[in-house]
Every structure is written in structure tokens, then in C-alpha cells.
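Student: With chain A fixed as given, assemble chain B onto it according to the hints.
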Amino acid sequence: MLLTISLLLENKPGALMRVTGVLSQRGYNIESLTVARTLDPEVSRMTIMVDVDSALRQQVIKQINKPVNVLQATDLTDAPKVLRELVLVRVRTAMESRPAVLKEAEIFGGRVVDSSTEGFAIEVTGAPEKLQEFIDVMGSYGEIDVTRSGAVAITLDARKLKLQPPVPTRTGAKLEETVY
Amino acid sequence: MLVECLAKEGVDCMFGYPGGVTLPFYDVLYDCAIKHILVRHEENAAFAAEGYARATGKVGVCCATSGPGATNLTTGLVDALMDSIPIVAITGQVSTKLIGSDAFQEADTFGITRSATKHNYLVKSLADLPRIVHEAFYVASTGRPGPVLVDIAKDVFQGQGHYEPVSSIHLPGYKVFTEGHTGQIKRAAQLVQESASPLVYSGGGVIAAGASRELREFVELTDAPVVQTLMGLGALPSEHPNFISMPGMHGSYAANMALTGCDLLIALGVRFDDRVTGRLAAFAPHAKVIHVDIDPAEIGKNRAPDVPIVGDVKRVLGKLNKALSETRPVDEKLSSARRAWWHRIREWKAEYPFPAEVSDSEIKPQHLMREIDRLSAGHAIVTTDVGQHQMWAAQLIRFNEPRLWITSGGLGSMGFGLPSAIGAQMARPDKLVFSLVGDGGFQMSIPELSTIMVNRLPIKIVVMNNGHLGMVRQWQTLFFNDRLSSVELGCFPDVQKLAAAYGFQGASVEKPSELAGALERAVAEPGPYLLNVAVTPFESVYPMVPAGAAINEMVMGPPQPQAVVAK
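These protein sequences, in sequence, are chains A and B. For the first sequence, the working numbering gives the first residue as 1, with consecutive numbering after it. For the second sequence, the working numbering gives the first residue as 181, with consecutive numbering after it.
Pulled out of the complex, with its shape left as it was, chain A reads as follows (with noise of 0.2 Å):
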């Protein structure tokens, strides 16, 4: 099944990478991954879908929050949320068509951000479906160039974020002596 996943993450090197690895080293297939600072610098949002064996779905996100590095992951596939995803769609058509496709590009709520004789790149965002729909549309008038930015997530509860406050070091004092 596909899993959406919303994640929080420091914003540290190599952070990325251990979320990455927890997945593909289980052979999971990445759908599609975004990853950006949020209001703290030092820390990111990820959305990540993934196709992942339904039974596995719980170990999937027990194993995601253990990297050090992760605040936070929360599984948001059935959980009240908007989910959206942009698209720029280039596509070269014909003169006759130019009217066609901006009608087009209307009822998919896009908006034309290049223009030129050869066509027109326009930009749609909206749930992912809804964008194959409408790049399956473009692609009926001629030839097109996509590119997809993956699905971000918000979720719509309101969840507290907890994280761990700082401990002592020992420094100065032995390790703890264990009992034989």
C-alpha cells in the first residue's frame, strides 16, 4: 500500500540519508520524497510516500523514528490531512490548439507561466491523481516535458511535538560499574 509520511528531521548532514537508508535497505520503492527547512533552520519537513507491504506498515514507521537524527514521523495515510503537488508541464503544440490547450489549463486551475511559439509551460498544483489526469490531458496535444515536484504534506490535527530535553554528560566521573 502507499504510505504518506510526514517526518521531522534536524537539519544536519547525512539526515536525509539515514531516512532513505532505512527504507531502501528493506527494498522499498521511494513514490516520491520532498524535503525542506521548516520556520526552525535547524529543522526539515519530509513528505514521503512509499509503497510499502501493508502488514510491514508499523515496523515501517518504528523504524524510521530510530535514526538519531529524526524528531518525529507520523504515519498521515488515513489521517485528516491536505496533501498537494505541483507540476510544471511543458508541451508544444500546434497554433490551432493554443486555444484548446489554455482552456485546459483552466479547468485544472493552471496557470501559464511561459509562452512562446513553440507552446506554453504551465504550471497545475492539486492532489497527485488529479495531475496525471491533467498530464495525460496535455499530452493528447502534442509532445510535453514534466516535471513533478512529489507530493508535501500538512496534517490537519493539532499534535504536539515532543522532543527529548538534554541530559548531563558524566564527564569527570567512571562509567557506571555494571554487576557481574
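If you are wondering where the hints come from, they were derived from the structure by calculation, not from laboratory data.
Listed below are the simulated EDC-like cross-link pairs for lysine to aspartate or glutamate, each with C-alpha atoms no more than 16 Å apart in a straight line:
| hint | chain 1 | residue 1 | chain 2 | residue 2 |
| --- | --- | --- | --- | --- |
| 1 | B | 188 | B | 344 |
| 2 | A | 103 | A | 133 |
| 3 | B | 215 | B | 184 |
| 4 | B | 494 | B | 475 |
| 5 | B | 494 | B | 397 |
| 6 | B | 355 | A | 10 |
| 7 | A | 12 | B | 308 |
| 8 | A | 62 | B | 475 |
| 9 | A | 66 | A | 10 |
| 10 | B | 494 | B | 359 |
| 11 | B | 481 | A | 53 |
| 12 | A | 12 | A | 42 |
| 13 | A | 66 | B | 475 |
| 14 | B | 366 | B | 486 |
| 15 | B | 691 | B | 537 |
Covered stretches of chain A (chain B as the covering partner; in silico rule of three or more C-beta atoms under 8 Å from a C-beta of chain B):
| hint | region |
| --- | --- |
| 16 | 18-32 |
| 17 | 57-63 |
So these bits of chain A aren't anywhere near chain B, every CB distance computed over 10 Å:
| hint | residue |
| --- | --- |
| 18 | 50 |
| 19 | 75 |
| 20 | 82 |
| 21 | 113 |
| 22 | 149 |
Ideal Cβ positions, reconstructed from N, Cα and C, are used throughout, including at glycine.
Tutor: Below, chain B without anything else, positioned relative to chain A:
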């Protein structure tokens, strides 16, 4: 500065191999009190650090240079990860301005060891070093212990700076659950009270948590029988009347039948490993499961528990014991059911004890284990490689204290026995240490004989020599029509000459009548001793649960002539 950090963490001994980029570090080590053991291969530095950690519970430390030094450490890191052993590995990296340029002896250690460690660091600035080193020790030793690697660029090693004490560690995403959920502990106590045929399934987590005393209290409060996994041996003394034996692929008949027959499985610091459970669907099929583990990801990974408890086994058992001691004694009906349960277990034990074969003409491997057991009397440290000798040792040698049995469990690394004995003997100079190895694994670690000699470590190296890679041979015999492909080693050095070449005593023994005396001489020798024991070449380890079978479907002996398959 690094040396100061290590000293602050209480490091008294480390294992390593120097190289180009770690030169500045070794220059400082020259003047300091930390003892550095120079091994002969970096993999063995990691194994020795593991031996040190396994024997004490303290963090073991190993060190290697960049490139090949770091890649050689990797097997030892994964070994520690699989068995949850706290070690910190320090590796050198090329200078920050050369990183990524394919510089001499450069490897992407940080990337390579991502999945080989619990956590790892690349240090590119001297200012970060103290914080990172203290974090490394903290992460390695807390929660579910494991290996942490700190990769340090050469210019950081070279940097001069004043060590400023680090007062606190802040890892906002690093969650350690120790206490256990009070409600779940109550439910667990209730299930224990109501169970007619309870069984404790105890593992390496009990040893890691130092929960031997709590386990013993629990067992004595409930009179529950106990099986201990390969990693858990010694947490409850082998001689304790409630200990059945090791379960699993080469576990005892009684242990596997008890797992299959119990109505409540109290799983403590275990991960329901495939070598224990056999076919998962048929594992403890009638049992409710209480699973206590410090790693939330282990709970429900292989078996969904009825009562999940995420916490430190020591704390959780302490609370559980308290709850149990406040409850009423069980009623007569239940207590007679429990007596019947014990009666069945005793019958299983009597029906098929581990085969204790002794022959007049040749030394049986089991005979060797019995003799080591006699000399150890449950109190010596025994380190092993992986394979047949490891299984016979686990079956037949008693361990009456935790941290005596040092073996590569999860990863199953050959060549582990000798270097881990170095670490264990360094950590416990007071202890008799047997390094019990096969002739295959021994030949992977022969170079370390010189490390043993240089440091005058009185390790008793016992080679169980069957001339083959015995466990692989056993599988070829059983499952590949006895077509023995690349398992006969063919050549083994003359042990007396080999030991003499390194400057210590050694002997070879072939006759059963001479075995006891030869082992006694080895133990009496004040220095290291190498004893080669020629055993029956084609002996196989039984009982055996074939891959994919349920654990009560054991093969009790060789296919011909007395194949016995238990019900």
C-alpha cells in the same frame, strides 16, 4: 583534545591500528594513560572492543585510520549492531579540503557505515569534537546499545585547542524509553498470575540491562521455567533449577517443546530471531505473549504481543516483581496445573538430553565441551567463532554469571573468537578466558597470536579441529546430498611449531584419554596456550530444526540409522 574526551569518558583501554591521518592522535596517545592495544588487523580491533564491552558492559573503543582501516572495521561494527553491543569507533578521515577528491586512503566512511552503526558522525571542525565524542558514548551506551562511529578529518586531529568541558548532551530526537507503562505492567502481572504453563524467554537484553538479579527474583517468585537464547546465556545461572536450556535451531528438545506448549510467553530482551522461532506461525502457538524490550521497533516486529512493554528490562522486571509480590498466591487448581507443567518439562528433559557422546577411539566434539565445562565450572569466560563448535559450546558449557559467554550471535562472524578474547582478557585480567574456535575461524585470526603474545594475555586458545567448515559441511550433508563442496580445509599448521614461532606453548591432542590432561596443562600454564584438539570430522550438531520447520519438528540425530522426528 580527543584523548581528553576519551579520558573524561573513563576509557582505560582501546584497540586499534594507526595510519597516516591518525598520526597526530597517536602522538598524543604516546604520553597518556590510556592503554592502546595494537592489533594486527582493524576488523580485530572492533572485535576486541566488542569483547571488552561484552565482558564488562562498558563501552569498548577501537580506532582505525582512513580508507582501508575504516572499511576493515565495518564487519565488527555490524557485528556489534546485530548483538546490541556498545562500542565507539574512531576513524581518521582525509583533511576537510581533500574530502571528496579521491585523495590517498580516502573512503566515504560516513556513508559506508550509515547502516553499520546505531549512529555515526563526520567531524570537520575542532569545535564540534568534544560534543560529538560525548554524544557518541551516550548514544552507544544508552537505550538499546550499539556501535557509534566518529570519523575525524586529519586537520581536526591536528588542530590545537583547549578542551572545554561539555556539560550536557542535547539530542532532541533520541528517545529512550526505560520505565515501562504502568498499566501494561499490571496487565502482565495479571497474566502471569493466571497462567497454568508460563515460560520465560530471556535474551541478550537482560544481560545488556544488567537485570540478572531481577530475572532471578522473578523466576523465584513465579517458579516459571526459563529458556535463554544464545545471546542471553548466563543471565540466569545455567545451574539454576528453573533453567531448561537454549531454544531454537540447535536448542534442546525440552526448550523447544516448552516453547511450543506454554500458555504464556514472558519474552524479555529478545527479538524473536528466526534462529529461535523457526517457522513463525507455529512458534509458541498456544501462548499469550508479554514482550519487554527497550527498542519499540522490536515490539510486534515478528510476533504481535498481547502485552507490549517498552522499557528497560531491569526497571520493568523490578516493577513487575513488586506487583507480583503483592498479589495473592495462586489457587490450588492453578498450582496443580503448574506442577503438571513442570512434570512435562522434566519428562522432555529426561527424554532427550543433549547427546553426551564420548568415544574411546576418537575425541567427540561434545566430549571436548564437557571437559572445558568441567574446568570452567560455570565461571570462565568462553569466546567463540560461529558454527558447530559455537552450538556445542552453547549447549554443553555452563555459564553461572552474565558476561562470560562471548559469541557472535546475530551476524555470525567467523574470526570473532580470538580477537574478542583479547578484549575480554584485557577487561577481566582476573578471569580464566578460553578462546574456543574452529579450525576455519582460527585461520582467519592467526595474526592476532602475536597481539596475545606481546601483551602476555594468558588466553587458552582451544581449536576444535575437524578439518572442515563443519556447519556448512553439515548442511551440505543434510540438504545437498552430501556433496561436500569447498568445505574441506585440507591443511592446518603444526600447532606446536606455530605456538613456538610466536613464542608460547602449544600442543595437539588426538586421543580421548589424553584430552583432560592436555586441557589441564593448558589452564595451568601461566601464559597463553594454544591447544589443537583433533575431533571426529563428520559429527553434526543435534537437535536440529531444519530451515522453515516449526521448532517442535526437530531432527534428533543423523538420518541413518536412527532418524527420530519428534511429534
